[in-house]
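J.: Residue numbers (our numbering), protein chains in the order written: chain A, 1 to 500; chain B, 1 to 239.
Please keep in mind that the hints were generated in silico from the structure rather than gathered at the bench. Possibly wrong hints are sitting among the right ones.
Unchecked claim - Examples of chain B residues toward chain A, derived with CB under 10 Å: (1) Ala33; (2) Leu94; (3) Gly156.
Using N, Cα and C, we set each Cβ at its ideal position, and we do this for glycine too.
Next come the chains, spelled out residue by residue.
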Amino acid sequence: MTDAERPTPNVPDSLTEPAGPAVGQDEWVARHAERRLLRGGRLGAVEERLRAAPWWAWLTVFVCLAALLPVGFSSGYVRRVAFDTVLYMLLALGLNVVVGWGGLLDLGYIAFYGLGAYCYALLSSNQFDVHLPTVATVPIVVVVGAVAGWLIGLPSWRLSGDYLAIVTLFFFQIFIVVVTNGDHLFGHNVTGGSNGIGGVDANVRPFNLFGHDLPVAHSGSFNVAYLYVVLAFFAVVFVLLRFVNESRIGRAWRSLREDPLAAELMGMPVNWLKLLAFSFGAAVAALSGTIFAALNAGVFPTTFAFPLLITVYTMVILGGSGSQAGVIVGAIVVNVLLELLRDAGNARYVFYALIVLALFGVYRLSVRLAVVLGGTIALGFVVHGIASAIAKSNVDGPANGENWLIDGLRHWVIVPRDLGPWKQITYVALIGVILLLTLVRGWWRVALLVPTLYLAAFVWENVMLTAPEATRFIILGAILVSVMIARPSGILGERRVEIV
Amino acid sequence: MSVNGTPLLQLDGCDTYYGQIHILQGLSIEVHAGEFVCLLGGNASGKSTTLKTTLGIVSPRRGRVLFGGEDVTRRPTSYRIQKGMAIVPENRRLFAPMTVLENLEMGAYLQGGGAKDDFDRVYGLFPLLYERRAQLAGTLSGGEQQMVAMGRALMGKPKLLLMDEPSMGLAPILVERQFEIIKEVHQSGVALLVVEQNANMALSVADRGYVLSTGRLVLQGKASELAEHEDLRKAYLGR
Ligand SMILES: Nc1ncnc2c1ncn2[C@@H]1O[C@H](COP(=O)(O)OP(=O)(O)OP(=O)(O)O)[C@@H](O)[C@H]1O
Ligand SMILES: [Mg+2]
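The following block holds chain A by itself, in its conformation from the complex (with noise of 0.2 Å):
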């Protein structure tokens, strides 16, 4: 090789400065454009497009779109369900407050809610023959839960994280206790015991605005009167807590949850900051029950226990705490969710759905989707022919929830008249196998997931359609755990700072 064919190093002969900033002087301090962390990609551009429309004009479109529901669907139970989801929304807006804002762990929450329940029975039953006019009670039923709220409120300035939050729980375990054992509170039948305020006898009244009762029930079905009602409570506290947010109390509570002892340091009073956040939930929550109260025509101890405590934590968790569309948007998903996977019809649509959304979210639209949709479509109809060709009886077991969709899976899925052992068999082994595929990367993993989807198929028509009460809580869990994983901070949440 000659020196002219050597090829020459790209090293500059002499110190020279490259194109670009001049040593000493960062680009990033030298540029002055606004710089604020947004999420990146194709949904980041349409989250970007979305948050550019003022709170306002969101919360107006959702309302009216809520208030026109009732045109659209005439059956009782749908109107019923969004009433609750509504009801769920300010639920978990309450809960947003202390959670998402104050950061304050409160697993007494749910307690307030019942509370407010009692007080507007108490105040408007046969039990003490007290029947205060709505205007009167509703207020007193707040006032009532923020003083509540304040009190209970009173170990967060000792304890923190999970420490007020089991101290948080066992007031909420006193309140099942008081309300399950009032019927002889100090010789008074004050709660009602075990079986609550209702009946005929209590005569728990209904709403009356205007001088007009709201009946409960409008010929034998939900009156649509109580879903406007819970959307203007809705509407109100929305826009309240908004304000009280952008006011200096809201960035207050937002330095608090950050760093408790910088705010001290600015001179906030962090006591006092804590005790307004627990008095503003459970102020919401007081509110809400007292339409709870008046829908039902009664309470029960039993309504206020645990699961609707996870539930309400699921919503506002799964939206992204400390953003109020974010639990809104998390109340909507999970009721809406738990009502639809109550029926097995429904549950089959909300399941192949989500398993194609999930595998069109991981492979985008590539060959490796078109190979796993594919091979275990394939996969199904040589299963299914080989079953049908042993024996007839492998394919024709009952279908739980009749339509279209199992009318065409019936040809690729099988369900065996009998399954004997295999219930429990599949169902382990399809955890075995999901696990396996969290292990395998590449190709590898698509290989195996043809064979898991199948598996996963036909533990869902055989197994978990049987069982629609669990499964309901199964696949929610399933949603949560992959939302959180892809998201950490929920739905909408805003990201995580953090100074390293």
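Starting from the structure of chain A, add chain B with the ligands where the hints point.
T.: This is chain B with the ligands only, laid out in the frame that chain A set:
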């Protein structure tokens, strides 16, 4: 600088404990209005504890803390902040997910979030903060964060500004700039009590200094005299 009359801040024979551990041992220091005092000492000598005692984050078992002649020993931190103390804490302790602007507002929490002239004053000292006002504090560089911490403390128009190692983590050129800013703040009439590891730099700008060793006062005097002191030079200045 005159050191007569009632001091603005006076720690009078303070004994501060963390549980059983006796940290400050009969510590007495004072800072007069408009004075620039630096607090020196090795690691774990109790400098930060002195500031915490001053602010009421810990309270002394014996001794008193007087601010503007008033005994504030039993008063909560928020009261002392309201009376005119402010701090730039060690490690800055910004509110990471809040913007620079919001952080500054929090500094004037007791004044209702800060008036325009407070912002103008702070932006005047730190023009960069104005450019970065919409950025989340947690995403700033360490030096930028230090500016926010200083700005935040100045938002409440303090009479006495406490600083815990304001030059920590800054490039050498920024340390000098930092001390220029500190001098500027001082010239605007704010009394300063500054904890610093960079003793050379601190003594070159301060009026007076205290030197702590295991929670006791071992030296005090004019900054210029301290800078020449034999023991101090050996121990901290490395000359
Ligand atoms: N909360 C606490 N609990 C127990 N001991 C503590 C606590 N805070 C500080 N100490 C101890 O008190 C002593 C003095 O700490 P201090 O923070 O005042 O030191 P310092 O002079 O600021 O040191 P440095 O220059 O390293 O910041 C140290 O030994 C420290 O371990
Ligand atoms: Mg220190």
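J.: For every hint, state whether the structure bears it out.
T.: Structure-based check of each hint:
1. With a least beta-carbon distance of about 20 Å to chain A, the hint placing Ala33/B at the interface is violated under the 10 Å criterion.
2. Given hint, Leu94/B at the interface with chain A, holds; its Cβ is 7 Å from that chain's nearest Cβ, closer than 10 Å.
3. For the restraint placing Gly156/B at the interface with chain A, the shortest Cβ-Cβ distance is roughly 7 Å, inside the 10 Å limit, so the hint holds.
Hint check: a violation occurs at hint 1 only; the rest are consistent with the structure.
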